[in-house]
Amino acid sequence: MAARKTPEKTLGESLRDHGLSRRGFLKFCAATTSMMALPPSLAPAIAAALETAKRPSVIWLSFQECTGCTESLTRSHAPTLEDLILDFISLDYHHTLQAAAGEAAEEARLQAMEANKGEYLVIVDGSIPGPDANPGFSTVAGHSNYQTLMETVEHAAAVIAVGTCAAFGGIPQAKPNPTGAMSVMDLVKDKPVVNVSGCPPIPMVITGVLAHYLVFGRLPELDSYGRPLAFYGQSIHDRCYRRPFYDRGLFAESFDDEGAKLGWCLYRLGCKGPSTYNACATMKWNDGTSWPIESGHPCLGCSEPSFWDAGGFYEPLSVPLTLRPETLLQAGAVGAVVGGGLAALARKKVKDAAGTRQPVTVEELEQKL
Amino acid sequence: MSELTLERGLAAFRAEIDAPTAAFFSSCVHCGICAQSCPFYLETGDPKYTPILKLEPLRLIWENEFTLLGKLKGLLGLQRKVTDAMLAEWEELLYDSCSMCGRCSMVCPVGNDLAYMIRKSREGMVQSGHAPEGLISASVRAIKTGSPMGLQWKTLAVQIKHVEDSTGLKVPVDQVGADYLVMLSSMEVINFPEYLEAITKIFDHAGVTWTLSTQCFEATNAGIQIGNKDIAAQLVERVVAAAETLKAPNVISPECGHAFTAIRWEGPNLIGRAYPFRVFHIIEVLEELRVAGRIKTEGKEMDRLSLHDPCNLARKSGVIQQQRNLMDLVADNFVDLKEHGKYQWCCGAGGGVSSNERAEPLKMAAFKRKKAQIEEVAPERMVTMCATCRTQLEEGLEEFNMDIPVVGLTEMIADHLVEKETGS
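Residue numbers (my numbering), protein chains in the order written: chain A, 3 to 371; chain B, -11 to 412.
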């Protein structure tokens, strides 16, 4: 079996072979541009770059995971985008999607690594039992996840950690972390690592990062958690369509009260929107149909590190005062009276000082000469 | 016989604490930007010249006597008291190293008006007997003789004679009902008599009726500089009385910057009533005349000129565009200093610093900031409109061997007036 080489066809050619019209291609480029928060003027540049880009070889490694991330990517109801992305890349190894099995499958991975040394991308979903953990906790083809990961990333161009498990340890790492689970960035220190967190991540975010890499030949700008700023730059709260209710102090207090029915803010029902950075509020799910808060459920904060251990999902982030408006008014009134009294005392002191003030005379000044 | 004591000083500090002062001290965030705006700090590099530190006596009084925390500290015996020794130490900080130029007030990110509080602190310093000797002498002379330099009308009369001889024009004196009562500063009478000559020519040219007053010719105010409202009020009263005697509807302040602040802004508050007249700086009057088309000029200065804005006029009073319009009238090659207008840098001599001989080295140090600004645009001459600034610029440029003459804007306008046709 010949080594699998990155196909020589450019993306443009490959897409036309698949019957994609020029118009459809440009529409995709425009969508990608806006999705990555780039100026619209870049759309033609992206089109030109994608047209001539060679499809990179991608090796997808699945470790301690639930396959939800893959489901997210494949079950997307945005057929144009995600089908295109599968054509954009040469997906040379993926447990769930590849036809080969057993030794042939592992052979495919090794061949892809050999043929595209230094240029292939590694996508990881799932966390990894660390080097100190029992290697038997999770194995593929007789190798521990840790071995497979380190072997595969050695000659990779970059690593993309898809999903919160790969990015931050996720649910396997939740207390008490029985398998000693670690994230990709805990283990891979000498390669660029991009974290596409979320449980699962939004499909368009996965494809967006790949598109960015194809167009610009480098990884996108990242935040302090290694997540692409274009998608994780703003909090759910800041982009939430229920935000006006928060600003006016209108909260749903239970899931079936009048506030919930009227679509008020879910903060007091435990919404983690204010501390969660992701693009759900703008890109939504299922081809833009809806998203958790729109369907009436508080955000769980799944794209943040340790989200599973960050207190109860239904406990509000913090509610400093559960005072009634009347109480607040009364407190304000008492404060005003006390403050007014103190101010009056201070004024009296100044007045007394001014009242007993002796004017300065020339004679007094002369004594000082 | 009564004397100035610490107790009187502390009472004066206490009496000066008002709502703005309390708000300013509570909102100070200790960012230190005021230091970066102060020529005295920047040119010496000594942190004790940080503007907010200069206010420490006033701040301590406020904290000890007007705040809960201060009172608690008092109960525990932890208060730092304002002592005579402290005020003696602060005399240099409040007088020698501050020209009350107000640049710190301008840049303070929380909007604290530091210059306002320096002015207040000086009230306490005077009452406690900690004002500099130079300013005390100037105040005594101002009250006793009518001029901080001890100048009398007869000196001015000699200058009037010179002006009349050289211009062939009459200098009006004690003219009841004239539109403008012109006030002078002693400095202008002695050092810059060309100012009087210039306004004589300009007002004749523009057909403005004006007068000097033998009752009061001096409107500089040593009381404002030393920081005592009793002295300041007496000096303002004299100007008001002279204007009332001559029924003048308008009073022109001397070019001197702090005199303008005194008569224009502080005056009515000091005497406790509104003026029966309006107060202008000569630059404002000239600009009004220019706009009305009453000043006709010919020819222009061709050398490279730059402008020094006096702090009191520009930053504190907002007279900024006027002098530039006037410059355009008579200058062909005018270039502004990089930071000018309300963000200009002080010459270093204002606020009583120039009357305080002891402060001479600091005054020259502060001037280095102005010098650097001047070097940046390399003008052939500097133009200004304040006698104190002008003296400082001249002295400073000479000190650093920079051959840049300093001229007054009013004189420059007068030099370019279209000559009247003889016989008309």
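The set of hints was computed from the structure by calculation and includes no laboratory data.
Take these hints with a grain of salt, some might be off.
Which chain B residues face chain A? A few, computed with CB under 7 Å, are given here [unchecked claim]:
| # | residue |
| --- | --- |
| 1 | Glu51 |
| 2 | Leu57 |
| 3 | Leu60 |
| 4 | Leu64 |
| 5 | Gly117 |
| 6 | Val128 |
| 7 | Ile131 |
| 8 | Thr133 |
| 9 | Gly134 |
| 10 | Phe268 |
Predicted model only: the values in this text are computed from it and were never measured.
Yeah, the Cβ is synthetic: ideal placement off N, Cα and C, and Gly gets one too.
>> Under the constraints set out in the numbered hints, which ones does this structure not fulfil?
In response: Those not satisfied are hints 1, 2, 3, 4, 8, 9 and 10.
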